[in-house]
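Undergrad: Sequence:
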Amino acid sequence: MLEFLNRYPVLLEDKSVKETKAILAFTSSTIKANFEVTLPAEENDKKFAETLKTCEKLIFEQLYKDKAEAEQFEKINDAIAKSKAQSDKAENMIKLMSATVNDLIKTMADGGKLNDTTLNNASENSSTHI
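Each residue of the sequence shown is one higher than the last, beginning at 1 in the UniProt record's numbering.
No wet-lab data here; the hints were simulated from the structure. Be careful, since some hints might not be right.
In silico DSSO-like pairs for lysine-lysine, Cα to Cα no more than 27 Å straight-line [stated by the list, open to error]: (1) Lys75 x Lys57; (2) Lys67 x Lys57; (3) Lys89 x Lys67.
Label pairs and their computed distance ranges (CB to CB) [stated by the list, open to error]: (4) Glu56 x Val10: 14 to 22 Å; (5) Thr27 x Lys82: 16 to 24 Å; (6) Leu96 x Ser16: 50 to 58 Å; (7) Glu69 x Lys47: 23 to 31 Å; (8) Phe26 x Ala90: 45 to 53 Å; (9) Ser87 x Ser28: 34 to 42 Å.
C-beta: ideal position from N, C-alpha, C; glycine also.
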């Protein structure tokens, strides 16, 4: 079990925070150990629970580098897939809108009048031409 004991800032000569050190305790049935984790300076102002999460993430990334990288790539690939799906959806909507406008222009050019019936027909015809 990992327990957050304390944290403290490491200061520069000008008294600005260089980094934050967190002291953690690890306890299992056979091991008891305290260790220190170096964190970015902004961690000093966060809640202990947030700092513990950051520590756990850093420890995981160090112990399981390959798995951590794979998880990051999986997240990126998921974001790309979602983006592509949104792009495809937008492209289809643009095609439909363009086809509808073209049908309306054709109706007007053929001397037709625009009313609810011609607008509905243009929309229905456009969706079958995509």
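Undergrad: Holds or violated: are the alpha carbons of Lys89 and Lys67 at most 27 Å from each other?
TA: violated (33 Å)
Undergrad: Given a hinted range of 23 to 31 Å, is it respected by the beta-carbon distance of Glu69 and Lys47?
TA: holds (28 Å)
Undergrad: Between Phe26 and Ala90, is the Cβ distance one that fits in 45 to 53 Å?
TA: holds (50 Å)
Undergrad: Could you say whether the range 50 to 58 Å given as a hint is met by the Cβ separation of Leu96 and Ser16?
TA: Between Leu96 and Ser16, where Cβ atoms are some 57 Å apart, the hint holds.
Undergrad: For the hint 14 to 22 Å, verify it against the beta carbon of Glu56 and that of Val10.
TA: This hint holds: roughly 21 Å between Cβ atoms.
Undergrad: Does Lys57 sit within 27 Å of Lys75, going by the straight-line distance between their CA atoms?
TA: With Cα atoms ~15 Å apart, Lys75 and Lys57 stay inside 27 Å; holds.
Undergrad: That 16 to 24 Å hint for Thr27 and Lys82 (C-beta), does it hold up?
TA: Violated - the Cβ-Cβ distance for Thr27 and Lys82, about 41 Å, lies outside 16 to 24 Å.
Undergrad: Please check whether Ser87 and Ser28 have a Cβ separation lying inside 34 to 42 Å.
TA: violated (48 Å)
Undergrad: Are the Cα positions of Lys67 and Lys57 separated by 27 Å at most?
TA: holds (12 Å)
The structure fails hints 3, 5 and 9 (numbered hints given earlier, in ascending order).
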